[in-house]
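**Q** Residue numbers (numbering that gives the first Met the number 0), protein chains in the order written: chain B, 0 to 280; chain W, 0 to 271; chain A, 0 to 371.
Hints in this document: simulated from the structure, not taken from any laboratory. You may find that some hints are simply not true.
Taking lysine to aspartate or glutamate pairs in the EDC-like style, the calculated list, with each CA pair at most 16 Å apart, reads [as the list claims (entries may be wrong)]:
(1) B:93 with W:13
(2) A:294 with A:322
(3) A:132 with A:105
(4) A:132 with A:111
(5) A:123 with A:93
(6) A:61 with W:63
(7) A:250 with W:42
(8) A:169 with A:156
(9) A:132 with A:100
(10) A:294 with A:116
(11) A:327 with A:301
(12) A:254 with W:42
Pairwise CB distance ranges, derived in the manner of DEER restraints [what the hints assert, rightly or not]:
(13) A:81 with B:73: 57 to 63 Å
(14) W:159 with B:179: 33 to 39 Å
(15) B:50 with A:109: 50 to 56 Å
(16) B:81 with W:167: 40 to 46 Å
(17) W:36 with A:340: 46 to 52 Å
(18) B:200 with A:357: 54 to 60 Å
(19) B:149 with W:75: 37 to 43 Å
(20) B:273 with A:161: 52 to 58 Å
(21) W:78 with A:59: 27 to 33 Å
(22) B:204 with W:170: 52 to 58 Å
(23) B:179 with W:78: 44 to 50 Å
Ideal placement from N, C-alpha and C gives every residue a C-beta, glycine not left out.
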Amino acid sequence: MRNRPTAYGLTFALPLLVWQVVFFVLPLAFLVALSFFTVRNFRVLPDLNPGNWGVILWRQVFWQAYGVTWLLSATGSLIASVLAFPCAFGIALKLSANSRRWAVFLMVIPFFTSYLVRAYAWQVFLSDTGIINGLLAWTGLGPYALLNTPGAILVGYLTLSLPLVILLQVFSLTYVDRSLIEAAHNLRAGRLRTVFEVIIPSARVGLVIAALFAFILCFGDFVSPVYLGGGHPTTLSILITDTTKSGQQWPRAAVIALMMIGTLLATAFAAVHFAYRGARR
Amino acid sequence: MSPNRDPNRSALIDTALRVWIILCFVFVFAPIAASFVFSFNSDRFPTIPLGHFTTDWYRLVVADPLVWSGLWNTLKVAGAVGVLATVLGFGAAYTDHRHDFFGKQAYLALALLPPTIPAVILGLAMLAYLSRLTLSGSAVSVIIAHVVICAPFAMALIRLRLSQMDAALEPAAWNLGATEWGAMRHVILPFCAPAILAALFITMAVSSDEFAVAWFVSGLNETLPVKVLGFLQGQVSPRINVIGSFVFVVSIGLVIAAQLLMAGRGARPYEE
Amino acid sequence: MTDTRFHLARRRLLQGAASLVLAAPMLNRAWAQEATTLNMLAWYGHAEPDVVAEFEAANNVKFVPKYYSGGDNMVGLISQSPPGTYDLILSDAEYVQGLNEAGYIEELTPEDYNFADYFPEFQKFPGNWKDGKLFSVVTRFGFLGVAYNTEALTEKEVDTYAVYWSDKIKGKVGHYDWHLPNLGQISLLNGNASPYDIDAAAWTSVMDKARSLRPQIGGFFDYGGTFSSLKDGQMLAMAGIGDWITGVLQKNGAKVASHIPQEGGLQWSECFCIGKGSPKADLAKKWIQYITSAKGQVKSAEMAAYPALIPNRKGWDLLGQVDPAEAKRQGMTKDAGNAMDLIRSGRIKFRQWPVQQDLGTWNDFWSDYKGA
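Could you put together the complete structure from these sequences and hints?
**A** Structural data, given as structure tokens:
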């Protein structure tokens, strides 16, 4: 509306700006500085030492963990999106308004329930003598190794991201123009064709953003890799903790953290770009 | 939304979708239900078959003064975070709603970015930074960090509400002689009240469940979720499930309150 | 903490009424204001009521613990906190010298502590002293060997670390996720008399040996993770730990045990230090005096979180009187082959920093090994 900053306008705009600059931007900037510090005798000393970057970037285990983390998170986000879609589709387009409100409400609940506790509870389902193998044993199958596998990490990732993905998909599907769907039906388009050529394209932005959020959550998670994956394969979050174990190597941990932030930002920009380019078409 | 008798609707597919929805809910709620069950199980380690029913773990938790101090810290932090994050979030949402200015994209990015940074990284950066300001290891540092994470949630909620407001409402108030502050007080704030309360509850809920950043910066003033992490890393104990169930019930309370407030007064014009 | 019926019953009696009082925050706070607080940085369990309640009541003290999981975790917390934050620091022996060099701990007066009651081996405990000055007091220790599931393996089979390579337990061998105890055990298996003081060639062969173990490994676990995966049979053998884990599990009825194999075992040791700049150093000193006394030592040995051996002779005697079963279980009796005999026979080596390699070298190898 009006462009001239007024005392009134600034009163509302500035507090958040100041807070985020002082307590968010500056810590991240400090992280950059920290990545150049030197460690001696368990003490982290200010320095301009590029060696930390060399040590991390030249290590095979870093790139391996990088690849593993990226692949696991991408898989997690893909599976979450695929599993969530029929669910969100049903909630958004098939349920009555009242049931939909309840479904959405129920999906909010896990979002505010301790993720640590939920991940820990999965151990009982997945262990060799756990609930799933117990049920399988009745049918004469198993036992299968489920816990301490990449599959278990994915279960954890889904625990973390599925509710959010479903919610975001529900919101974007709710706003799909129904007359478009009816038009497709009137043109005798098959059900699947309607879904793939009408509904998914028009909800594309929401679907991509939902997948992106799932990726971000999984990429930085250390609970699932440690408590469900049994600490292997090594993810970046595990590598960060391990790195600090050689006599307070926080600077090297900072290098890994910065690489993670860079990756997340790049992925986010690419995803948003992809989402909106597709939406405009 | 009347059930339309569409020839394209197939009962089979509808049923399949409903079954799928239920399966998704089962997946999401299975661990929550399990932790409830195991909080009443006599065995220290959660294994099948179950031991016998017991409330011993609840008694141990109640008798542990450290849990109480953790709870007290959590409530203190969550209360402060809720208020601060909501105030900051409201300001940002209103700014986004009302003004167009150079650098607005950057402003919004800054306002919404923090939840996308993994908590481990944010915790590490916060600890290193706050300890240089000698702010680390106190409840204050947890509050600072949680406001950074929570303010975007508050902003998103309030922004959503503002977008439901008739854009002509505020100028109309000015035309009737109200000052900007007057319009804020008599038009904007009442209209946003349900969203503000919802934001308050949800930011409190997020804060009372956050453990990763809090572990780094809390020092001796641990919050309850940090204690849970400690129980998990150290002594595996069903007390994890007890505290988890407790936090669950509290968070649910806050969420239901937020839901009722949003649905009660707020959402009516929108739902029509 | 422990859930043996007996303990719960006792706790219930003691705390039934207390919990009601504690549940009322106002009363609780009024009570807390009177007591002096003492901040303790320690492994999980050291400031739990079963250990500290008596001292708290007698001295009107309230412990505020910060529990860490791993020595690096501990150093990180100290370095990022203002001096004097932690009055008491419980540190593994190998970290004490590091804490000392970094200036994080106070020098202690040897006369304050009753070393005469200690076994001779622990009177001049290497980790405690530097240039004839005392910086910490060892209060508990324990042995690391092969931790195993007694239904899957026999004591004969686990009499060598080579059991980790057994086909029988492929995919069921776990590591406690820290390089020092694991690589130390492999070094012992390789026949190194001083497992941590090895030259380049020996270090290379330790690495090769370790790599050959990697396909057997089912996971890398933290403190809590080792508990649950041994308990539910997820892992049938665990490298890098000992009775401090399996002892707790035994009390909970799990079929697990620890054994010191023929190649020998490693020793972990926990020492109390006073944090630099602690405003309550006197009270902290009083605590160390208490926990190193016979009475405190018995509490240490029986600590609910995890049991340990104690270096105080009079502590052994008292434990034999109050809990002979536990004294026998841990080998703290006058019988031949007890814990001190094990040490004196030279079969136990200190866990310590690598001498000829850099700490970073071992840690980096461990990361590579995990990622392999």
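**Q** Checking one constraint from the list: CA of residue 327 of chain A to CA of residue 301 of chain A, max 16 Å. Satisfied?
**A** holds (12 Å)
**Q** Determine whether the Cβ-Cβ distance between residue 50 of chain B and residue 109 of chain A falls within the hinted range of 50 to 56 Å.
**A** Roughly 42 Å apart at Cβ, these two residues miss the hinted range, so it is violated.
**Q** Has the given pair, residue 250 of chain A with residue 42 of chain W, been kept, meaning a C-alpha gap of at most 16 Å?
**A** holds (12 Å)
**Q** Given the hinted pair residue 132 of chain A and residue 100 of chain A, is their Cα-Cα distance within 16 Å?
**A** holds (13 Å)
**Q** Using the beta carbons of residue 78 of chain W and residue 59 of chain A, state whether their distance is inside 27 to 33 Å or not.
**A** holds (31 Å)
**Q** Given the hint of 52 to 58 Å, check if residue 273 of chain B and residue 161 of chain A actually sit that far apart at their C-beta atoms.
**A** holds (54 Å)
**Q** Cβ-Cβ distance between residue 81 of chain A and residue 73 of chain B: within 57 to 63 Å?
**A** Because 43 Å falls outside the window, the suggested range is violated.
**Q** Taken at face value, is the distance from the CA of residue 156 of chain A to the CA of residue 169 of chain A at most 16 Å?
**A** Holds: residue 169 of chain A and residue 156 of chain A sit about 15 Å apart, inside 16 Å.
**Q** Is 54 to 60 Å right for how far apart the beta carbons of residue 200 of chain B and residue 357 of chain A are?
**A** The hinted range 54 to 60 Å holds for residue 200 of chain B and residue 357 of chain A, with Cβ atoms some 57 Å apart.
**Q** Given the hint that residue 61 of chain A pairs with residue 63 of chain W, does the C-alpha gap stay at or below 16 Å?
**A** holds (13 Å)
**Q** Taking only the CA atoms, is the gap from residue 294 of chain A to residue 116 of chain A under or equal to 16 Å?
**A** Status holds; Cα separation ~12 Å.
**Q** Could one say that the CB atoms of residue 36 of chain W and residue 340 of chain A fall in the range 46 to 52 Å?
**A** holds (47 Å)
In summary, the structure is inconsistent with hints 13, 14, 15 and 22 from the numbered list given earlier, while agreeing with the others.
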